[in-house]
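Q: What follows is each chain in one-letter form.
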Amino acid sequence: MRKFTDIEIVEEIKKGNSDEVLLFLYQTTQYKLSSWIIKNNGNEEEAQDIFQDSVLSFYQYVLGGKFDEGKSVDAFIFSVGRNKWINRAKQRNKTVSGVDEYVYGTPNEISSEFAAVFSEDKSAKMDALLTQLGERCKELLTYSVFYSMKMVDIAEKMEFSNADTAKTKNYKCKKRLMKIINEDEQVKGWLYQ
Amino acid sequence: MIDFNRHIEIDNYLNGTMSQEEALAFEAKLSTDAALKQEFILQKSANLLVGNSAQLDLKNKLKNIHKQQKEQKSKKRVKAVVFALAAAVGVAIAAFMLYQAKNSAAQNTDPSSTSNDIELLDMPIETAKSKKEQTDPIEVEDFTEANESQKSTPETAAETEFKEEAEKSSQAIADHVDSKPNEQVKEREGSADGEVPNEAVDENNNNITGTNIPGVGTGPIDNDPCVSVNLIKPEIQIVKPAFGGEEGVIKLVPTEDNFIEYSVDGGQEFYLASDHFTVGIGNYQVVAKDENQCLSAVRAVEINYQKSKYVIQGERSRYMEIQNVVSKEPLMFEVRDGRSGKVVYTRLLENISSFLYQGVDTQSQALPLGTYVYRFMTLNGNPLSSGEITVIR
Numbered sequence: 000m001r002k003f004t005d006i007e008i009v010e011e012i013k014k015g016n017s018d019e020v021l022l023f024l025y026q027t028t029q030y031k032l033s034s035w036i037i038k039n040n041g042n043e044e045e046a047q048d049i050f051q052d053s054v055l056s057f058y059q060y061v062l063g064g065k066f067d068e069g070k071s072v073d074a075f076i077f078s079v080g081r082n083k084w085i086n087r088a089k090q091r092n093k094t095v096s097g098v099d100e101y102v103y104g105t106p107n108e109i110s111s112e113f114a115a116v117f118s119e120d121k122s123a124k125m126d127a128l129l130t131q132l133g134e135r136c137k138e139l140l141t142y143s144v145f146y147s148m149k150m151v152d153i154a155e156k157m158e159f160s161n162a163d164t165a166k167t168k169n170y171k172c173k174k175r176l177m178k179i180i181n182e183d184e185q186v187k188g189w190l191y192q
Numbered sequence: 000m001i002d003f004n005r006h007i008e009i010d011n012y013l014n015g016t017m018s019q020e021e022a023l024a025f026e027a028k029l030s031t032d033a034a035l036k037q038e039f040i041l042q043k044s045a046n047l048l049v050g051n052s053a054q055l056d057l058k059n060k061l062k063n064i065h066k067q068q069k070e071q072k073s074k075k076r077v078k079a080v081v082f083a084l085a086a087a088v089g090v091a092i093a094a095f096m097l098y099q100a101k102n103s104a105a106q107n108t109d110p111s112s113t114s115n116d117i118e119l120l121d122m123p124i125e126t127a128k129s130k131k132e133q134t135d136p137i138e139v140e141d142f143t144e145a146n147e148s149q150k151s152t153p154e155t156a157a158e159t160e161f162k163e164e165a166e167k168s169s170q171a172i173a174d175h176v177d178s179k180p181n182e183q184v185k186e187r188e189g190s191a192d193g194e195v196p197n198e199a200v201d202e203n204n205n206n207i208t209g210t211n212i213p214g215v216g217t218g219p220i221d222n223d224p225c226v227s228v229n230l231i232k233p234e235i236q237i238v239k240p241a242f243g244g245e246e247g248v249i250k251l252v253p254t255e256d257n258f259i260e261y262s263v264d265g266g267q268e269f270y271l272a273s274d275h276f277t278v279g280i281g282n283y284q285v286v287a288k289d290e291n292q293c294l295s296a297v298r299a300v301e302i303n304y305q306k307s308k309y310v311i312q313g314e315r316s317r318y319m320e321i322q323n324v325v326s327k328e329p330l331m332f333e334v335r336d337g338r339s340g341k342v343v344y345t346r347l348l349e350n351i352s353s354f355l356y357q358g359v360d361t362q363s364q365a366l367p368l369g370t371y372v373y374r375f376m377t378l379n380g381n382p383l384s385s386g387e388i389t390v391i392r
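Here the protein sequences line up with chains A and B, keeping their order.
Reading the first sequence from the start, the letters are residues 0 to 192 in numbering that gives the first Met the number 0.
Reading the second sequence from the start, the letters are residues 0 to 392 in numbering that gives the first Met the number 0.
I should point out that these hints are in silico values taken from the structure, not numbers from a laboratory.
Since we're looking at a predicted model, the values are computed, not measured.
All C-beta atoms in this analysis are idealised placements derived from N, C-alpha and C, irrespective of residue type, glycine included.
Among the hints, erroneous ones may be present.
[Claimed, not checked] In silico lysine-lysine, DSS-like type, Cα no more than 30 Å apart, as pairs:
id	chain 1	residue 1	chain 2	residue 2
1	B	K36	A	K174
2	B	K75	B	K58
3	A	K13	B	K74
4	B	K66	A	K2
5	A	K38	B	K66
6	A	K70	B	K60
7	A	K14	B	K60
8	A	K89	B	K60
9	B	K62	A	K121
10	B	K72	A	K83
11	B	K58	A	K121
12	B	K66	A	K89
13	B	K232	A	K2
14	B	K43	A	K166
15	B	K232	A	K70
16	A	K2	B	K43
17	A	K174	B	K58
18	A	K174	B	K28
19	A	K174	A	K137
20	B	K72	A	K38
21	B	K58	A	K124
22	A	K137	B	K62
[To be verified] Rough simulated footprint, nothing fancy, chain B against chain A, three-plus residues with beta-carbon under 8 Å:
id	region
23	127-138
24	169-178
Generate the whole structure from the sequences, applying the supplied hints.
A: Shown next as C-alpha cells:
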C-alpha cells in the first residue's frame, strides 16, 4: 500500500485521485475512530457509517479550500467522527462516556454546497441519471464540479487535446444532464431548492 | 454562443469566482429574467446531482475497502486455524507413533533398551509440546481487531506493520478512555461573572464583529493596484489548541492564498502566513499583505476567556475541581502556559477520588492571568484528556 504524508493526501484529493488515498485513510484512521465509537455504545455498522461520513466531510473541507495544511489529517477525521457520533448518540439517547467537549478546532458543521444529504434510494436514482451520460461525461463532470479542477488539468488527466476542448465537452455534458433532470419530475423535485 | 456564455456566467456565480459587485448584478438579473432563473436552477441542480454521486462513489469505495479488509482478515484467521489444526494433528500423529514405538519396545525385556526408549519418548514429546505452545497463541479464541493485528502472519507483516503501530497506540488510548476522569467544574462561591466581556469571536471563523478600522493603504504611491486590496479583510481561522506545534490555546490561521504575510498588531510586524499566530486573551488587529506589498483591511479579533472550559478565579475560590477521578493507574496532571507552552505545574495523581487545582505553579504561587492548557496523561506520557483553563482576577 502506498503511504502518503498529510500534505500529499490533500494534493491527491485535489487532483481527483481517490483510490489509493481512500485505502490509506482507511488503514490509518479507521481503526481509532471505529474503536472509540464501539467503546461508546456504537456497533460496527454505525462506526463504519460515521467513518465514511467523516472522510466525506474531510473531502468537502479540502475541496472547499478550508483545510489548513498544517493540521493533522488523522486528528481531523477523528475529531469530525467523534463529533458526529456524539450528535448521533444524543439523538438515540445513548451515552458517550467522559467526553471533553473540547475538540481540535474543527467546526461542528461543515458547510459545503454538497453537504445536503439525500437518502440512499434518492441518491441511487439520481446517480442513475448521471450514468445515462456515459462514463466519460460522468468522469468529466465529477472532476469539474466536485473536485473543482481546472480545465487545463482535466484535459491532461483525461487526455483531451486542450483546455478548450475540455471546457466545451464539459458544457455539452452538463447541458445533457440538465435536460435529463428537467425531464424527470421526481428527481427535479428533490434537487430544486 | 449566447447560451454558452450564459452557462459560464452561471457557473462563475455558482462556484464563487465572481466579485461581490458582479454577484449582486447577477442576482438582480435573476430576479427579472425568468429564463435565466430557470437555467440557473437547472444548472445548480445538475451540480448538486454530480456532487452527490461523487460522494456516493467515495462512500461505496470505502465500504468495499472495509469489506475486503475483513475478508483478508478472515482468510488469515482460516489460515491460522488450519495451521493450528495441522500442527495439532502432527502432534497427535507423532504421539501415536511414539506410543506404538513404546508398546513394541515394551515387549523387549532388555532393560537398557527400555531406558533408551524412554529417553526417546521424552524428547519428541517435548518438541511436540513446544510446538503446541507456539500454535496456541494463534489458535482462534477471541476476535477483537486488536488481537488480529498482533497475530499477523509473517508474509503480511511488512504490509501490516504500519497499521499495527497505529492500532497498538490507539488501543492503548482506547483502553484509557474508559478510565478518564469525570470532569465537573465546581464553583465554591457562585457569584455570576459579570465581568465577562461580550462574545466577539466565532469559533468557526465566520465574520467577527469588533472595531473596524478602515484599511490604510501604505502601498506604492500609484495606489491603483492596492485600492481593491485595501477593502479586503483577511480571513483567519481560530483554532484551539495551538502552540509551538503542541497543544495550546488559540491559533490564528490565515486561510487565503492572496496574502503572504500577516500581522496581528495592526501592521507593525509581519510574519509569513505559514507561521501561525498563537495568542492568548486580548484584542488583535489582523492585517495582511500580498505580494505587491498591498495591505488588506484590518480585521479586529477579540479572544476572550469565555472560550475556556475552566475559569479559575482564586480570590473568589473558583477552582478547577474534578470529582470521581477514576483511573486504574497513576496519572500525571500537567499545566502549560497557553502561549509559550512552558510547563508551569505538574502533579502526580495516585489513589485519589477527587482533584482540585487552584491555579498555582509548582511553587504554589498563583499563576499570572492568562490562558493555560491542562493535560492528563499516563506516566508514559500518553495523553488522555486535555482542555483549557483561564486564570482571571
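Q: If a hint holds in the structure, say so; if it doesn't, say that too.
A: To see whether the hints hold, each was checked on the structure:
no., hint, verdict
1, K36(B) to K174(A), "holds (15 Å)"
2, K75(B) to K58(B), "holds (26 Å)"
3, K13(A) to K74(B), "violated (35 Å)"
4, K66(B) to K2(A), "holds (21 Å)"
5, K38(A) to K66(B), "holds (21 Å)"
6, K70(A) to K60(B), "holds (25 Å)"
7, K14(A) to K60(B), "holds (17 Å)"
8, K89(A) to K60(B), "holds (29 Å)"
9, K62(B) to K121(A), "holds (19 Å)"
10, K72(B) to K83(A), "holds (28 Å)"
11, K58(B) to K121(A), "holds (15 Å)"
12, K66(B) to K89(A), "holds (28 Å)"
13, K232(B) to K2(A), "violated (38 Å)"
14, K43(B) to K166(A), "holds (17 Å)"
15, K232(B) to K70(A), "holds (23 Å)"
16, K2(A) to K43(B), "violated (37 Å)"
17, K174(A) to K58(B), "holds (27 Å)"
18, K174(A) to K28(B), "holds (21 Å)"
19, K174(A) to K137(A), "holds (13 Å)"
20, K72(B) to K38(A), "holds (21 Å)"
21, K58(B) to K124(A), "holds (16 Å)"
22, K137(A) to K62(B), "holds (21 Å)"
23, 127-138, "holds (count 3)"
24, 169-178, "holds (count 5)"
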